[in-house]
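**Student:** Starting from the given sequences, assemble the full structure and let the hints guide the process.
As they're listed, the protein sequences go chains X and S. Mapping the first sequence onto UniProt numbering, position 226 (from 1) lands on 226, and the numbers just tick up by one. Mapping the second sequence onto UniProt numbering, position 209 (from 1) lands on 209, and the numbers just tick up by one.
The set of hints was computed from the structure by calculation and includes no laboratory data. There are no misleading hints in this set.
For identical chains, the list gives no copy identity; a pair is met inside one copy or between any two copies.
Listed below are the simulated DMTMM-like cross-link pairs for lysine to aspartate or glutamate, each with C-alpha atoms no more than 20 Å apart in a straight line:
1. Lys200 to Glu102
2. Lys96 to Glu229
3. Lys104 to Glu229
4. Lys104 to Glu198
5. Lys171 to Asp209
6. Lys104 to Asp13
7. Lys171 to Glu143
8. Lys104 to Glu192
There are 2 protein chains.
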Amino acid sequence: MLYVVGIGPGGLDMMTYQARAAIEEADVIVGYKTYTHLVKALVGDKPVLKTGMCKEIERCQAALEMAQSGKTVALISSGDSGIYGMAGLILEMVTKHSWHVEVKVIPGMTASIAAGSVLGAPLMHDFCHISLSDLLTPWEVIEKRIIVAAEADFVTCFYNPRSRGREGHLKQAFELMSPYKDPQTPVGIVKEAGRRKEAKWITTFGDMDFELVDMRTLVIVGNQSTYVEQGLMVTPRGYQL
Amino acid sequence: MLYVVGIGPGGLDMMTYQARAAIEEADVIVGYKTYTHLVKALVGDKPVLKTGMCKEIERCQAALEMAQSGKTVALISSGDSGIYGMAGLILEMVTKHSWHVEVKVIPGMTASIAAGSVLGAPLMHDFCHISLSDLLTPWEVIEKRIIVAAEADFVTCFYNPRSRGREGHLKQAFELMSPYKDPQTPVGIVKEAGRRKEAKWITTFGDMDFELVDMRTLVIVGNQSTYVEQGLMVTPRGYQL
Numbered sequence: 001m002l003y004v005v006g007i008g009p010g011g012l013d014m015m016t017y018q019a020r021a022a023i024e025e026a027d028v029i030v031g032y033k034t035y036t037h038l039v040k041a042l043v044g045d046k047p048v049l050k051t052g053m054c055k056e057i058e059r060c061q062a063a064l065e066m067a068q069s070g071k072t073v074a075l076i077s078s079g080d081s082g083i084y085g086m087a088g089l090i091l092e093m094v095t096k097h098s099w100h101v102e103v104k105v106i107p108g109m110t111a112s113i114a115a116g117s118v119l120g121a122p123l124m125h126d127f128c129h130i131s132l133s134d135l136l137t138p139w140e141v142i143e144k145r146i147i148v149a150a151e152a153d154f155v156t157c158f159y160n161p162r163s164r165g166r167e168g169h170l171k172q173a174f175e176l177m178s179p180y181k182d183p184q185t186p187v188g189i190v191k192e193a194g195r196r197k198e199a200k201w202i203t204t205f206g207d208m209d210f211e212l213v214d215m216r217t218l219v220i221v222g223n224q225s226t227y228v229e230q231g232l233m234v235t236p237r238g239y240q241l
Numbered sequence: 001m002l003y004v005v006g007i008g009p010g011g012l013d014m015m016t017y018q019a020r021a022a023i024e025e026a027d028v029i030v031g032y033k034t035y036t037h038l039v040k041a042l043v044g045d046k047p048v049l050k051t052g053m054c055k056e057i058e059r060c061q062a063a064l065e066m067a068q069s070g071k072t073v074a075l076i077s078s079g080d081s082g083i084y085g086m087a088g089l090i091l092e093m094v095t096k097h098s099w100h101v102e103v104k105v106i107p108g109m110t111a112s113i114a115a116g117s118v119l120g121a122p123l124m125h126d127f128c129h130i131s132l133s134d135l136l137t138p139w140e141v142i143e144k145r146i147i148v149a150a151e152a153d154f155v156t157c158f159y160n161p162r163s164r165g166r167e168g169h170l171k172q173a174f175e176l177m178s179p180y181k182d183p184q185t186p187v188g189i190v191k192e193a194g195r196r197k198e199a200k201w202i203t204t205f206g207d208m209d210f211e212l213v214d215m216r217t218l219v220i221v222g223n224q225s226t227y228v229e230q231g232l233m234v235t236p237r238g239y240q241l
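**Tutor:** As structure tokens, this is what we get:
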């Protein structure tokens, strides 16, 4: 049995009961080293296979091999395992090659939800997720999505907003959105949401400081109705108050 | 203290530890009656204020009054409290009127994530949430979002897809998307995700059966790369396998 476990943003209190149970039931834990560290308290003295960044295929291969040999494996993924996480790759491998492994996807809380709760309630109206990583997606596809999201006034959550080798992507994204965005539109920035080092900033589209952002940061750009009051970023649903 | 608690899709095993702790700590529970029922096991003999559908403002008012009078209140919201949930309305009321209440938003797992895990891994690439309820949003705004989401090839999750008084909205949404969608595009339908009566169907854009859908259903329309194999709906991230 292979559990692909979304552990949530990091803190154990944002993990679900189902995720915790899967980790406790597993014979062996597999994951990227930062994430295996986050669940250390649950793992006890079980064997843990840690792999480095960008080793996703090797990690999945190892998890599938151990599960096929009869072990119960928990492959852990931060946030939700099904959103830019390990569930997709595992199911691709299982559906395209002949593995004989039972897979159960265990969902978790994705970063946008955790970040939203830290900022107030910015995701109360239609929103989208866009990853700014062009390692696996052509930049033109990403550009198109950024533009239409702004044009149709979606609240927009940027995943993987900035990292070495693509320092300029978030700034480019803001330039693409700028014809449709009032400079006063609120922007929320949350670093390490739900973890010990959590930090947040609320600014505006026009005053955005790209230097605050790194790979562990989520950026939420509001819609036309989003406002900030008492330090809270709120997107109204439309009730008449 | 007022906790606005996202209880997840329904089953206790998809609830977070933080949500459970807030319900256990509260003196009184407030919520829509279906949702208070879902957490009955945690509530014990605490007082529960249940309100009916479309009574959101009254429900929030009651929760704020009790919190202001010194009680610890858990206002429960299904899924994530910050996604079409109660957090937005509470924070609007707190920021626009002079309540003296400390509010803590407790996030939860939203329906799209739970439904995604039931179907496979359909949300592995950029996606958006669109609510088809035009009670609080002009239909023209919703239409625009539907069209651009299809045009820019977002995976699209439809919330509130169909209910009395708007039986035709989902069909209209599909008509608006059809110039951009291959009829073979996979569509996942999940009713009551994460609850005892959970049911799912995987079909195609061209063969969609709108009669399967009601208000407790989430509909996920895939992107150009989404495929179905072994009964699993998978949107590839883009790895070369």
